[in-house]
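Visitor: Go ahead and model the full structure; you've got the sequences and the hints to work with.
Listed below, chain by chain, are the residues.
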Amino acid sequence: MATSRDIIINRALQEIEDGMYVNLGIGIPTLIANAIPNDRHVMLQSENGLLGIGPYPLEHEVDADEINAGKETVTAQKGASYFDSAESFAMIRGGHIDLAILGGMEVAENGDLANWMIPGKMVKGMGGAMDLVNGAKRVVIIMEHVNKYGESKVKSSCTLPLTGSQVVHRLITDKAVFDFTDAGMVLIETLAGLTVEDIRAVTEANFTVSPELERMPVGE
Amino acid sequence: MATSRDIIINRALQEIEDGMYVNLGIGIPTLIANAIPNDRHVMLQSENGLLGIGPYPLEHEVDADEINAGKETVTAQKGASYFDSAESFAMIRGGHIDLAILGGMEVAENGDLANWMIPGKMVKGMGGAMDLVNGAKRVVIIMEHVNKYGESKVKSSCTLPLTGSQVVHRLITDKAVFDFTDAGMVLIETLAGLTVEDIRAVTEANFTVSPELERMPVGE
Amino acid sequence: MQQGKIYDSFTEATADIFDGATLVVGGFGLCGIPEKSIAALQEQGVKELTVVSNNCGVDDFGLGILLQSRQIKKMVSSYVGENKTFEQQYLSGEIEVDLVPQGTLAERIRAGGAGIPGFYTPTGVGTPIAEGKEQKQFDGKTYLLEEGIVGDFALVKAWKADKLGNLVFRKTSRNFNPLVATAGKVTIVEVEELVEVGELDPNEIHTPAVYVQRIIVGTDYEKRIERRTVREA
Amino acid sequence: MQQGKIYDSFTEATADIFDGATLVVGGFGLCGIPEKSIAALQEQGVKELTVVSNNCGVDDFGLGILLQSRQIKKMVSSYVGENKTFEQQYLSGEIEVDLVPQGTLAERIRAGGAGIPGFYTPTGVGTPIAEGKEQKQFDGKTYLLEEGIVGDFALVKAWKADKLGNLVFRKTSRNFNPLVATAGKVTIVEVEELVEVGELDPNEIHTPAVYVQRIIVGTDYEKRIERRTVREA
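Protein chains in written order, with my numbering: chain A, 1 to 220; chain B, 221 to 440; chain C, 441 to 673; chain D, 674 to 906.
Be aware that one or more of the hints could be misleading.
As the list claims (entries may be wrong) - If you want the footprint, here are the derived chain D segments under chain C, 3+ residues with CB under 8 Å:
{"#": "1", "stretch": "700-711"}
{"#": "2", "stretch": "793-799"}
{"#": "3", "stretch": "806-819"}
These are calculated hints, taken from the structure and not from any lab test. Yeah, the Cβ is synthetic: ideal placement off N, Cα and C, and Gly gets one too.
Guide: Now the structure itself:
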């Protein structure tokens, strides 16, 4: 059986189209990179200054001067370029990155995102997330639909401090896919096996249902 | 006998110290480059994107891709670098250029400079002059002391539209050298042969006289 | 990526530039100008252009040819003094001009490409350039607010591109080109040489491919020199 | 020029860094950090530093060693999560931290070096980062005012320098270093290799010599790796 993570990664993969420039956030989003089919030619951007991330290095290729934004050793693909951090975020903030896929803690029905701090806990910092959500042409958030207590992370409004206000274009959870439009939050897919009512039952946010609602394909 | 231009150039040369990064304006200031003694190692910046201007090219070295800010073909000295226009003015505006020597139309006793437009005449543009006068660590203006009608170009206040407000550190004319200090404009040198009274007679601006007033050396 | 960036003709690459469009154009004087794209625009006949470029060419070369054919409505430049056609059209009121200090122009284009809508600069304070602009004090010093520039199209001249659109510029023909490349909704780059992916050293790329939508190879570049200055051997 | 830029020892190159100074420091994580200059500072013993750097090293390497010796009063960073010493000192109130979004931090450092006292960015609008900051609308969208950063000293790690101070960086160890190099009143650069003037291609220099005041050659770089990830052959 597919895990929540598999479901999310498989669905997120569909967001990545041939020819795109994409930034994948640290953590689960980074795992998407390895799953991109070879016939989809994309360039992955790493905000520490690399456009065209390649696979992890072979043992003998490991180079301390070549890491990704998660501080993992990587390689550069053919046609890659290195640049400084100001250029990297000029690229991000200026709307030149087609797609950013980032993790989330909470997403609200108005497209607000919280993914960087929990009051009362040690705040480690937002890194590049705030720039990415305000800069990338399209922001897709991936996260589990409910927390470990079964509570909805898809909120009527975020309870955690925001990373960005009305910045999410699409939310992919292990149960559903939502779009954020001028007319509000719209359920566009459910996970195979779940009904719209099932989604309503685990979702705090108000949403409408897309007329073309399709079943969400599970990675099988 | 030394011409006004020779006097100005020779005096301006003394401003250029070993190790400096210098921007020389278009026109007369550019001529200073050729007169810099070989034992003074300076790097000349050209705001179109070259640090380390070399001599004019030999006939066979002429390269349309290598010009200075006056659109003249040049060469690059050893240790030069090329960069884009944003970087070039980051360098200028950020205070990294030690000295800019520019031409002037009028300089006022408060350090105002006018050198880019004459109302009623076709305005060609300010190019990089406004950035240079606000950015270089030190701004030295060179110009003839009086216009062709014998009127002082060293003014109590500028009559022409300004290039920069209170930006001039030193003014070198064919008759005198002035510094602009918190206490106002100070005559620090006169041209050999001229007295302080002679300078007062041709200068509209109010100025005090430096106690250490020396005779201005004529390039002989 | 987008292997489909490579165009076979300048006509095709500039075909959708529309009447009234804003173009941001690289080059300093006649150095590093996208001369083939400009020529294609004259042929294409688009009108009422707003052109953001440091200079406006000379009467019969560079952007000057678009003045002759009366295709430019407004120029945003730091210096337009090399061009008699410009002078005539300016004095007769046929063309508008917005003079911007060169460093401010460069920074505005860079800002536009970098998603910075406005920034403060000391340049122009106390001059006619400050008129109508918001001013603000930082540490007791006054600065002007200047806005970022984004064009409908950017026209760039590079030395080499690889087939993904990574660019390298040559000597002082770099000038405004890398900034301009970032500031077009569609960036059209003409190059002297197109190389295979992997031939450019990733450490030495001046403009990453992400900024480039269209690449065309130009041939027989005139590269006219404005002031040919030489020294004796 | 200034052939006198080359220093023989890190002790000498960092000797005048004073108590309470603001340092702007290059590197991302442990990649491209000026590890020798940081070590020299620990030896030198300067106190009450404000350090502007994207991260704060790990407990026993990079800027983390200056935390251990309690030399840092305040960090300005985008992410400080890799460091337990930091966490302890932060929770006990010994150290202040100013968290700045990474792109804003990069742009603030670049702005400081470029003479731009402030700029507007969309980053952080509607978040805790916006508190107390001036906001302004451009084209109906809200932006925050952020200020440029200039340090008393900048600490930079480059791959190669020539003897004039022209710099080249290697792969992703470039990161914040070129911006940091522009933003110090005194910029101190440590390099792996010092080459003769003329050996670097002027077309491929990342940081022009004008930004560099001091150069020192480091040896035996540790270049510690935070997350060694490899694939099978």
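Visitor: Would you mind marking each hint as holding or not holding in the structure?
Guide: Results of checking the hints against the structure:
For the stretch 700-711 of chain D, the stated coverage by chain C is not satisfied: 0 residues place a CB nearer than 8 Å to a CB of that chain, which falls below the threshold of 3. Only residues whose C-beta sits within less than 8 Å of a C-beta in chain C count toward coverage, and the stretch 793-799 of chain D has 3 of them, enough to reach three; the restraint holds. Remark: the stretch 806-819 of chain D is confirmed as covered by chain C, as 5 of its residues place a Cβ nearer than 8 Å to a Cβ of that chain, reaching the required three.
Hint compliance for this structure: hint 1 is the single one not met.
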